[in-house]
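A.B. asks: Take a look at the letters that make up each chain.
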Amino acid sequence: MAFEFELPNPNTVNPTTTLSDADLVRRSASSVPEPAKKLTPVAKLIDVSKCIGCKACQSACLEWNDKRQDVGVFAGSYDNPADLTPDMFTLMRFTEWVNPETQNLEWLIRKDGCMHCEDPGCLKACPAPGAIVQYSNGIVDFVHENCIGCGYCIRGCPFNIPRISQVDHKAYKCTLCSDRVAVGQGPACAKACPTHAITFGTKAEMQQHAADRIKDLKSRGFQNAGLYDPPGVGGTHVMYVLHHADKPEIYANLPSKPRISSIVEWWKGPTRYLGLAAMGVFAAIGFFHHLVEGPNKVSREDEESAKRLAGGRSAQS
Amino acid sequence: MTAYDVEPGDSVHPGDPVTVDRYTGWARVNHWITATCLVLLALSGLALFSPALFFLTDLFGGGQVTRAIHPWLGVILFFSFAGLFIRFWRANLWKAEDGTWLARLNAVLTAHEERLPEVGKYNAGQKAVFWLMSILIIILISSGLVMWDQYFYGYTSIEQKRIAVLVHSMAAVAIICVWIVHVYAAIWVRGTVRAMTLGSVTGGWAWRHHRKWLRELVGGKTS
Ligand code: HEM
Ligand code: SF4
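From first to last, the protein sequence lines stand for chains A and B. Position 164 of the first sequence, counting from 1, maps to 163 under numbering that gives the first Met the number 0, and the rest follow consecutively. Position 53 of the second sequence, counting from 1, maps to 52 under numbering that gives the first Met the number 0, and the rest follow consecutively.
Derived from the structure by calculation, the hints contain no laboratory data. Please note that the accuracy of each hint is not assured.
One side only, chain B facing chain A, incomplete, derived with CB under 8 Å [what the hints assert, rightly or not]:
#, residue
1, 65
2, 89
3, 148
All of these numbers come straight from a predicted model, not from anything done at the bench. Glycine included, C-beta positions come from ideal geometry on N, C-alpha and C.
Modelling step: build the complete structure from the supplied sequences, incorporating the hints.
C.D. replies: Structure (structure tokens):
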């Protein structure tokens, strides 16, 4: 029997905060000391097969993060808003898919948002020290005081998640409710989900829970049910149970083999080192050339020759 | 006289030493606006290029300002450089002697001017700097616009933006290297900087480095 996850209610008496700078394992454009003790990796598991598309998670997300999404326009689908925005960190993406084997219409609903990659491309691309951090429990968080609004995280992310606000020019995305997790709670979306399609716990617990769910789905004919925890980004701290795990793309283009783009790797790797080296070499060549060769001075004879050439002639205009 | 190399305003004034007008006041203003923009662009861009150089954002009043101002400086640079381009392109056309000059780069670097062909207003090195800057600025503005999310986010895909940032950073490295060569040459070859400050050079400088230009100016044969 598959078990259900009830998130514990918060301890309101002396809550202890567990996420601090001492828990950082990565910090953009800078380095952090190895943390003395590592937190247990956490994960959010989104069971797509249990989602009813009610958007309670979206509402809870807006509520907890104190964001408001402007009233939009109908864009031809149930997706509302039509895309992630700087205020909407999570979005139900609806796909109407005809299963070629059964000819059944399947309504696929995927809750999109930051995957909290173990190897986060956003953090790798970020040029601002400390604007993106990763905690030892796996949460990737944006630190808005340090964000400069360049949008490099958008280029780094394999999942097209971060959005830049046109109001304060800073990048926004799901925080995995790091502020709630820090005091022993689960994310707001998980708390709100009426079907427990969203669960939260340690990554090991979530993998176990997923395994049970997948067994159940397989027993009910979903031969390709599986866990989405893509190794290309080192695994993720937001995982999906998919009924068609062999075809992630059918779920509103969930990438089947996500990894940090090789263009980004080239940009942040060789281009940077070779670029700095090239500039240094050019400057050094100039310096040593001058040291060895001395200045290239105009001689007395040069001036005399010029005078002879120009001599007698009036200035030409 | 062929006059292909003489630009409006160039003229010779006899005296001791002979002085030769090389850049008009407007050409100099145009040049220094461009130079200022290029240096500020390099500093603001490098701040984002490497974490080791992020401190450069302090020069501009922080990361947000640096990020916001850089593309605007780029726009000024583009138009300012366009002004220089219109002024200088003709005198920078490649000539037969330029190949010979380049082939004897060794003599250039060891200051053996006597082994070099006589050249016009610009030598092959200066021409190379001119054309490289022109091409690189076009690459930088085109890739820069693709990266300018604040106004143009919706016009390109993320993949195109990734390519743009890679191209932009490589072109920036290249133009900074070209700039180092440009500035170094101006310092090493004494008597050059005054061309862009006072607007004139001495006759001896023109005789030593741009004899064909000097001959043309005094109305002699271009040999
Ligand atoms: C010509 C017009 C130019 C435009 C429109 C432009 C635009 C941009 C934009 C939008 C960015 C992203 C950061 C930001 O938003 O500020 C950027 C980054 C950068 N720019 Fe420019 N730029 C131009 C010229 C230049 C020039 C002339 C240089 C070098 C001298 C330069 C060097 C850089 C560098 C090094 C970066 C950082 C790239 C990286 O992070 O790897 N840019 N530029
Ligand atoms: S999904 Fe994107 S924004 Fe989230 S951690 Fe991964 S790279 Fe960063």
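A.B. asks: Under the constraints set out in the numbered hints, which ones does this structure not fulfil?
C.D. replies: Number 2 only.
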